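K.L.:
In order, the protein sequences belong to chains A and B. Sequential numbering of the first sequence, starting at 40, is according to the numbering used here. Sequential numbering of the second sequence, starting at 40, is according to the numbering used here.
Possibly wrong hints are sitting among the right ones.
Heads up, the list lumps identical chains together, so a pair's fine if it works in one copy or across two of them.
Taking lysine-lysine and the DSS-like style, the derived pairs with C-alpha atoms no more than 30 Å apart in a straight line are [what the hints assert, rightly or not]:
1) 92 / 112
2) 275 / 125
3) 112 / 376
4) 89 / 112
5) 90 / 112
6) 65 / 301
7) 125 / 90
8) 356 / 435
9) 58 / 301
10) 65 / 125
11) 112 / 391
12) 112 / 400
13) 112 / 72
14) 233 / 400
15) 390 / 112
16) 72 / 125
17) 112 / 420
18) 112 / 58
19) 112 / 65
20) 125 / 58
Derived by calculation from the structure, the hints in this document are not laboratory data. Note that the coordinates shown come from a computational prediction; the quantities given were computed from them, not determined experimentally.
2 protein chains.
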Amino acid sequence: MVISNDMASLVAGSSVIRKLFEEGLKMAEAVGKENVYDFSLGNPASPVPKKVKEAINEILAENTDSYVHGYMKNAGFDETRSAIAKYLNTSFDMNYDANDIVMTVGAAGAMNCIFRAILNPGDEVVVFAPYFGEYKNYAANYGGKLVVVPPNIPEFDLNLDELEDKINVNTKCIIINNPNNPSGRIYPKETIEKLNEIVLRAEKNIGHPLYILCDEPYRELAYDGGVVPYIPAIIKNSIYIYSYSKTLSLPGERIGYLALSKEADGYEELIGAIVVANRILGYVNAPSLFQLVIGRCQGVGVDLDFYDRNRKLLYEKLTELGFEVVKPEGAFYLLVKSPFEDEEEFVELGKKQHIIMVSTKTFGCPGYVRIAYCVDYDMIKRSLAAFERLAEECGK
Amino acid sequence: MVISNDMASLVAGSSVIRKLFEEGLKMAEAVGKENVYDFSLGNPASPVPKKVKEAINEILAENTDSYVHGYMKNAGFDETRSAIAKYLNTSFDMNYDANDIVMTVGAAGAMNCIFRAILNPGDEVVVFAPYFGEYKNYAANYGGKLVVVPPNIPEFDLNLDELEDKINVNTKCIIINNPNNPSGRIYPKETIEKLNEIVLRAEKNIGHPLYILCDEPYRELAYDGGVVPYIPAIIKNSIYIYSYSKTLSLPGERIGYLALSKEADGYEELIGAIVVANRILGYVNAPSLFQLVIGRCQGVGVDLDFYDRNRKLLYEKLTELGFEVVKPEGAFYLLVKSPFEDEEEFVELGKKQHIIMVSTKTFGCPGYVRIAYCVDYDMIKRSLAAFERLAEECGK
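With the sequences and hints as input, model every part of the structure.
P.N.:
Pasting the structure below:
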C-alpha cells in the first residue's frame, strides 16, 4: 500500500454525500438533467447577491493587481477583518477587533486550523448527533477522536443530559452546529445557557478550557422569524466559525473566517497557533479577491424566501403524502423518517425515481434521510410526481 | 498550555520570512514605503497578465453563478483539468488526462494533500538544501520527518553523492524544487537522469516506491534561455506540483494543481487518497472562479523581462560592490554570501539601511542571505545607494 494507514478506509468509506452527488451527475447524463431530482448536496442554488457582483467589479477596478491578488498577512486583509469585527460587534454586542478575526478557506478550513492548533493525538472532540460527518475526518487529520452524544429524537435539540458523561480530561472541544445540518433545528438560547452551565462545571473538573466551536454557516437561514443565539456572547470559551458558502452562495470560493474573543482562556496562545496553522496547513491565506469582496458585503445575504418556499412546499407535500417529516427551522435541509428499518432501502427506492436523498447514518443518526432543498423551486415542483410514486412504493 | 504540544515551538519559531515581511510593513509606516527596500517575500510585483483579467470578466459574464462559484468535484472542474492535461501533454510529450490532475489550493495545498495521503507518523521526506523551510512543517503536520541532504556549495546543484545514504525503508518521497528557491539554480537534465538511477536502485532496496515531488512554481522563470527538465518525463514515480502564484502573479488566490501519471506505481490508490485528502483537510476544492480562469490561461505567463532586468541589475551592482553573489538561472531569488560568519549580522546591518533580506538558515544552508527580486524595478534602483552604504559598513 503506497498510501498512509488510515487513508485506505477513508477512501473506501469516502463521503457518501459526495458519491451521491457524483452519481446524480451520471444519472443526469443518462436520463437528462431535468429528470433527476438531486437533493444530495448543500450546493446553494440561490443567485449570488447583486452587491457581491458589484463588489467584485469595483475591487478589480479600484486596486492594483498586487493588492487584490497578492499575499497579505496570513490571517487576512486588515480591511476585511476590521469590517467583520465591526459587523459582529454591532450585530451581537461583542467587542472584537481585527486581530481577533482569522480569514480561512471556508468553515472547513477554519476547523482544520483549530484542530491543528489544539489537538494532540488521542484528544477528544465532542459532537451532538446528528452531525456533519466530515467533523470526524477533520479531527482525525491530527489524531483527534470524535465522541458522539446520541440524538435527541424527535425534538432534535441538544441532548444535554448525556453530554456530561462524554467529557473527560482528554476532551478539548465541543462542536455546536446551529442551525443544524441535517435536522434544520435551531438550538434556542435556553439550551445554550444550560450548555454553558455544564461547560463551566466540566472545565473546573478537568482543569482546562473546553472550547465551543460554533459552526454557523447557516446562521442567516432562519425561518419564521427564528432567532439563532450568538454563542460567544453566552459561553466565554467559544470560537465562532463562519463561512459565506451558504448565505452568499459562494461555496466553491472557499471563503470564511473564525473569531476568537480576547476574553477566551488562552487567547494569545490560541490565536497565534491558529494563524500559524493556517499557514503551515498550506492554505497560507484565504483567497484574496473574495476576502476583499466579503469585506464589502457584511450583512448582505441571499433572499431567504428563495429557500423558504422550497421548505414549505416540500414539507407540506411530503407530510401530505404520509411521510414523517422533521419541520426545519433553519438551514436548508429537511429530515424524513425512513418508512423502512434500514434507510438505505428508502434511499435506493428514491434513486429509482431519480430522487437523490442521503441516509443520515453518516450523521450519527440512522433511520432518516436528508433532503437538501437548496435547489431550484422548479426542480422541487417537477420532483413532486416522483415523490408521489415513491410514497406509493413505500405503501403510503 | 491550551495549544497542541508541537505548536508552541512552531509559533515561537514562526516563519522568519513572514516576520521580516511584517517588520517591513512596520518600517514602511515609520519611514515611508519608498524608503524601505523589502526583499523578504516571494510576492510577485509583475502585473497580472491581461489574458487573466479578460478571462475573469468573460467567465463571470458567460456562466451561471452556481457554476462559477458553486461546488464542483473535489478534484476540480473537468474543463480546467482537461485544459491542463492537454497543455502538459503538448509541452512535455506526456499522456495525462483530466483524471490525472487534481486542482489544489496552491502548491502548498498540493503538498499537504500528498503528505496527508502518503505519510504515516515517522515516515521520512528527503529534501536537498537549500530548501523552502515550510516543507518541514508540511511534513510535520502528519508526523513526517524531514531529512536534509546538505548543500553542494558553490555549485548549488543537487548533492546526489550524499543522497543514497539518506534513504531507508521509512523514506516515502524526495522533494525537488526546480528552479530552486532560494538559490535560483536550475537543475539540468543530466542531474535528473542521475537522480533517476539512484531512485530506481533505492526503490529496489527498500521495496516500495519513492515518489519525487516536483515542486515547480518557478518553471517558466528561466533566464538566458535556460531549460527546466520535466521530471515526470524522466522519473516514473513523480508527482508534479504547480502553482500559478508566480507565473500569473496570483499568490493570494491560492490556485495550483498536481499531476500524477497513470504509469506511476500505485496510481489508483494514490490519486484516490489525494482527492480525499483535498476534501478532508478542509480545502474541499480549489477556489472555483480561479480554477476556471487558469483553465483558460494555459501557457500564459508574466513578462519574463520584468524579473530579468531586476536580476541583471542586482547581480551586476552587488558583484561590483564586492559581494559574492550566486548568479540565478531561474526563479526570482538571489543568494549573497554573508561577509560575516553569522549572516544574521549581515541581515541586521541591512535593516539599518532599510534593506530587508532573509537569512538562509531556515533553508538549511547558513552563510547566505536571500534577496527576493520579484519587486518593482524602481525599488531596486532606489535601493542601490542603500546597498552601497551596506557594502561600506561591511568593509567592502
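K.L.:
If any of the earlier hints don't hold here, list their numbers in rising order.
P.N.:
none
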